[in-house]
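Asks: Using the hints provided, position chain B relative to the given structure of chain A.
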Amino acid sequence: MFDDFLLRAALAGVGTALAAAPLGCFVVWRRMAYFGDATAHAAMLGIALALALDVPTFPGVLLAALAMGVTVSSLGGRGFAADTLLGVLAHSALAFGLVAVSFLPGVRSDLSAYLFGDILAVTRSDLMVIWAGAGVVIALISWRWSALLTGTVAPDLAIASGLDPRRDQAALTLALALTVAVAIKVVGVLLIAALLVIPAATARSLARTPESMAIAAGALGSLAALGGLAASFRFDTPTGPTIVCVATCLFLISVLIGGRRKR
Amino acid sequence: MTSTDPILSARGVNVRHGALQVLHDVDLDICRGEIVTIVGPNGSGKSTLLRTLIGAIRPDSGTLTRAPGLHIGYVPQKLHIDPTLPITVTRFLGLPRRHPAAQIADALHHAGLPDLAQRQMSALSGGQFQRVLLARALLENPDILMLDEPTQGLDQRGSAAFYLRIAEIRREMGCAVLMVSHELHVVMSASDRVICLNGHVCCSGTPEVVASAPEYRALFGTGTQGALALYRHTHDHGHDHDHPQEHAPVEDHAI
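Chains A and B are the protein sequences, given in the same order.
Per this note's numbering, the very first residue in the first sequence carries number 40; after that it's consecutive.
Per this note's numbering, the very first residue in the second sequence carries number 9; after that it's consecutive.
Isolated chain A, as found in the complex (with noise of 0.2 Å):
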């Protein structure tokens, strides 16, 4: 049976992609890959201002993830295209916060912790802790469902329907945000945007409808959050890492299959 450390583990890793399934999809359909990655690079930052001020990491973590998504929300439109203003603003962040992080004695051997992801060492309360999020993120982007999927089909639509498109889009940045907080822990500062991306991309060909497209990225990013698990402590590997791996390999699958359909 499972040991008490991987049923935690594992319980984290499926919070986490039901939180990052429906969010990832709107990442998708914006094209908000570049995005998602500023906002999770930022982190670093906030691990680094957290640890300095020796609070919690999860409120230092939301607090520059949402400070990024604020930052580069309202940054368009000044002479750079967005993908170079979001490729500045990813890489920067990063490197500013890993060299932050430099200088405070006895964190240089947790960094990759910080970077891949701990999963196995999740505890109970960082469980309560991503699971809440998780909640959060999952009720904010039901309830402004509907309007955000007539604001990605067309602004104008939901404008003319009497929506805000920009509120509806700050929604979006704080979901962004925490579901950045609460992976952290599971697959790191590096690879949560593939977490986000990848199941929804996997899903995008098995799917009709935008409502079953995040069904079936959260089905999909729960089985690698499980299927890495399991084969990261079978063959000893990385845990973030290997569920990255695994995700990936179902969206090889999917694309293999898709290509077969249409042929």
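Incorrect hints may appear among the rest.
[Said to hold, decoys possible] Ranges of calculated distance between the beta carbons of each label pair, as one might list FRET restraints:
id, chain 1, residue 1, chain 2, residue 2, range
1, A, T287, B, R106, 33 to 39 Å
2, B, D90, A, G174, 25 to 31 Å
3, A, R247, B, P108, 19 to 25 Å
Read the hints as simulated data drawn from the structure, not as lab findings.
Each residue gets a CB set at the ideal place from its N, CA and C atoms; glycine is no exception.
Replies: Below, chain B alone, put in the same frame as chain A:
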């Protein structure tokens, strides 16, 4: 059906895109149940005016007034659905509010697309897509239907049929209709009013008034059940501001 109280008004609306003044002191009133067509050349600010009226563009100055609780049915000129987004016709018709299945079926029947309910939006032809956009706007039960270049890409017969359908919708639902056309010469004879826009409102009135005015000459097309009318006019007043493009010579627009 038409009452004198406007459901949508613009007063002194100015819109700039950077240094370029796109709309200049635009006044506009749309009353319940009337069909108004905005015509003007490319770059005359027609789409900008429509997007300002739906609230997508905030005017730099001037006021917009809507009747309380006004429902707008908007049909954009173009709509690109990202290929990463799977969505059936039925699901699209339920954006942003879902409707009962019977109502969806009815809407598809009226749009002449009864068999396409489960088809992916990306698999529709241009004409089918346009009709689904219109059906979606009608499901919002609009007080005013706003259409941006609805006949673009349709041939003459297709646009004539489309205008007849619009007249039918107004008759059935009693909603006002505000349409944009870049075809200066093509004006719906069923329009109650025509507004000619070139950054500002050059002129407006019923097609008949426009047709009988000395500066306008009306020529009605044939073979289109009278739905299409041709008219020509010259501008007898000066433009004290620059537009990227003034009206092209009328001869260029002859069918």
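Asks: Next, verify each hint and record whether it holds.
Replies: Verification of the supplied hints:
no.: 1; hint: A:T287 to B:R106: 33 to 39 Å; result: holds, 35 Å
no.: 2; hint: B:D90 to A:G174: 25 to 31 Å; result: holds, 29 Å
no.: 3; hint: A:R247 to B:P108: 19 to 25 Å; result: holds, 20 Å
Figure legend: structure checked against the earlier numbered hints; every hint is met.
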